[in-house]
Structures are given as C-alpha cells and as structure tokens.
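Participant: Input sequences plus hints: build the corresponding full structure.
Chains P and B are the protein sequences, given in the same order.
Heads up, the first sequence is in my numbering, so the first residue is 1 and it goes up one at a time.
Heads up, the second sequence is in my numbering, so the first residue is 1 and it goes up one at a time.
These are computed hints drawn from the structure, not numbers from a lab.
Do not take every clue at face value.
Okay, the calculated bits of chain P under chain B, using three or more residues with CB under 8 Å as the criterion [as the list claims (entries may be wrong)]:
hint : stretch
1    : 38-44
2    : 58-71
3    : 150-158
4    : 186-199
5    : 218-232
6    : 248-260
From chain P, some residues computed to sit far from chain B (all C-beta separations above 12 Å) [to be verified]:
hint : residue
7    : 20
8    : 49
9    : 77
10   : 135
11   : 241
12   : 285
We treat Cβ as the ideally placed atom computed from N, Cα and C, and that holds for glycine.
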Amino acid sequence: MSVGPETAPPSPVDAEGRRARRSAERRRARSGRRVSIVGVLGELLITAGVLVLLFIGWQLWFTELTVGNELKNEATQQNQEWNEQAAQTPKPTPSSTPTDEPSDEPTEPAWQEPPVEAAPANAKRLGMLIVPRWGADYYRTIAEGIGVSDVLNKGKLGHYPSTAMPGAVGNFAIAAHRMGHGGSLHHINELQLGDHIYVETASGWYEYEFRNLEFVHPTGIGVLDPVPQSPETPATERYITLTSCNPQYTSNERIIAYGVFMQFFPRDANAANFGAPDEVAATVGGAA
Amino acid sequence: MYGALWRILPGPWWVRIVILLVLLTAVLAALAFWVFPFVQTFITTPEVTVDQ
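Facilitator: Structure representation (structure tokens):
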C-alpha cells in the first residue's frame, strides 16, 4: 500500500484526488489480472511438476506394494490349492521309502533326488519364489516364458523356456523387473552368501543357496548355460540364475544372481506346514 | 486458479479445508488406479532379460 497522498482532507482538489484514486484502482485491477494469467500458468507448471514426481513415486513404491500384495495373495491361494490336493492324495510320490526305522538322532532328512515337473504352457504359473532375505511377505509367482506384457510387466518372475526346470540338473533361470511393475527383483543386490532361495511347486520346495552376483552386458547369454558361463562343461549340478537390469532404472547392463541347489522338501499333508521348511513357514502359513 | 477454487468453495475455512482434502484424495486415487497405469503402458521399462 504505497499510495502517497491518500488521507488528504476534503478540499477543492477533491475531484482531482478522486480521479487519481480511480485511475490507480484501474491500474491495480489491470496489473492484478496480468499477474493472475501468469499465476495460472505458473500453477499449471507446478501442478505438472508435482504430477511427474507423483508418477515416479507411484512407479517406485506404490506399484511394489500393490503388485506385491496381489502376487502374495495369488501365491497363498495357489499354495492352499496344492495343500488340499496333497491332502486328498495322501501319498502322491512315495519317493522316500522308509528303509530305516525312525532313528533317535534328529538328523537332517536324507538327500533325495528332487522331482522335476514338466514345464507349463507359456505365461502359466510354474511355481512361486520365496526369499527370506526379502521378508516374509515376499511370495511371488514364477510363470513360464519371459514375455514382457504377459509375464514381466505383471510383476511375475519369468522362466527362460530354454533353461532347465527346478530340480533338474542344469540351470533354472528366471528374470524379473527391478523397478516398477512390482519390482520383483528390487533387492537382488542385497543377497548375501548362503541366503536361501526357495522355489515352490506342486511337489514341494526346492532350496537353493545364493552364491554370487555377476554383472554382464545385455548380450551375456552365457549366464543361461547349464553350467553358467561354461558352455562346454556338461552339467552335474543344479543351479538357479536370477537376471534383472543394472544399474537400477536402466538397461545398460544385467545383474545376475547365482545359487546352487541344496535340498528338496516334499509337500506332505501329514507334516507340519505341509512339509514346508521352517524358514518359509511365516510366508506360506500366512493364511493357513 | 487454486485461489479461485478456494473462493468458489462454500463455508468457513475449515469446511473448505475438509472439502479440499476429500477432493485431493479422490484425485490421488484416480491417478494411482487409472491414470498412472495407463501412462505406464506408453513408457518403456528397463529390459531385464539377456538376449536369447
């Protein structure tokens, strides 16, 4: 309010004062309108900026929560279906013949050849991935194939069809997003030596142990070899390979996580948690 | 723009704030569940597979 001679007493120059005041008001109104046009433009730009930030936040965190929950519900449902099936057919695979009497020493279950299932049709569920390092809520579908729209962008992990099935001698390789679309391999770089990676199928749980990370070019298909990066070597062991993008948010490289098969836990209707390993009980027993 | 919105809204200031919060929630929900998923389909995401 820098209006100078405003409180002048009524005088002969009243008319002139009124005129001056009116013109000042007009000027103020005009300039006010001009500011508001610029103001609207500014507000629109700020809104656009906020929208972009919101979109990034949505992509990074929101989808991971919603897609993660969705996939966990889906997985829990599948788990219950398989459990019911196992309960209806009490002994589907009498794989472990009770040769010796139940000895008094509670040792580890004897190593047994894991079953190998047939690969499902493209984009159909192959099993679920459980990684205790990534929290008890991490319970996600592995589907057959690495289709972008029908598997990966739905947040699922995709099985490279050219690679082995879980439990088979050779390499079981899967891929998933690291950011956005559920970010199913978001924390792939946080795996520690010895961390367990479980693949659950209708027959049971395949336990793999994480060994190491590797970084390769996008063309580094050697990571899919039956013995990773050794195309000439015939496979004698069972591996798991996880692939995702690196650095995060870009496609310049690929981050690879390798694990080796340790043991198999058969799904058994008579065992606690249907035979699930203790480590994953919190995950699979979520809605028991 | 937002000033005009404030002036259009009825009631005392706290009623306006409540109305604004409700509007904001609705806008955010619409963005999260409809707009952003639609926009996402136009954006290429990083590739995660090694070339077969």
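Participant: Quick check: the stretch 58-71 of chain P, covered by chain B? Criterion 3+ residues, Cβ under 8 Å.
Facilitator: With 3 residues closer than 8 Å to chain B, the stretch 58-71 of chain P meets the three-residue bar; holds.
Participant: Can you tell me if the stretch 248-260 of chain P counts as covered by chain B, using C-beta to C-beta distances under 8 Å and a minimum of three residues?
Facilitator: It holds: at least three residues are needed, and the stretch 248-260 of chain P offers 4 whose Cβ sits within less than 8 Å of chain B.
Participant: Can we confirm that no CB of chain B comes within 12 Å of the CB of residue 241 of chain P?
Facilitator: 10 Å, violated
Participant: Taking a Cβ-to-Cβ distance below 8 Å as contact, does the stretch 150-158 of chain P have at least three residues touching chain B?
Facilitator: holds (count 3)
Participant: Please verify that the nearest CB of chain B lies beyond 12 Å from residue 77 of chain P's CB.
Facilitator: 22 Å, holds
Participant: The stretch 186-199 of chain P covered by chain B? Criterion: 3 or more residues, Cβ-Cβ distance below 8 Å.
Facilitator: violated (count 0)
Participant: In terms of Cβ atoms, is chain B entirely out of 12 Å range of residue 49 of chain P?
Facilitator: 14 Å, holds
Participant: Grab the minimum beta-carbon distance between residue 285 of chain P and chain B and tell me whether it stays above 12 Å.
Facilitator: 30 Å, holds
Participant: Go check the stretch 218-232 of chain P versus chain B for me, would you? Three or more residues, Cβ under 8 Å, otherwise it fails.
Facilitator: Per the Cβ count (6), the hint holds.
Participant: If I take the minimum Cβ distance from residue 20 of chain P to any residue of chain B, is it greater than 12 Å?
Facilitator: Holds, since 29 Å exceeds 12 Å.
Participant: Taking 8 Å as the C-beta cutoff, is the stated coverage of the stretch 38-44 of chain P by chain B satisfied by three or more residues?
Facilitator: Coverage by chain B holds here, the residue count being 4 at a Cβ distance below 8 Å.
Participant: Looking at residue 135 of chain P again, its CB stays over 12 Å from all of chain B?
Facilitator: It holds; residue 135 of chain P is separated from chain B by about 21 Å at its closest Cβ, greater than 12 Å.
This entry does not satisfy hints 4 and 11, going by the numbered hints stated previously.
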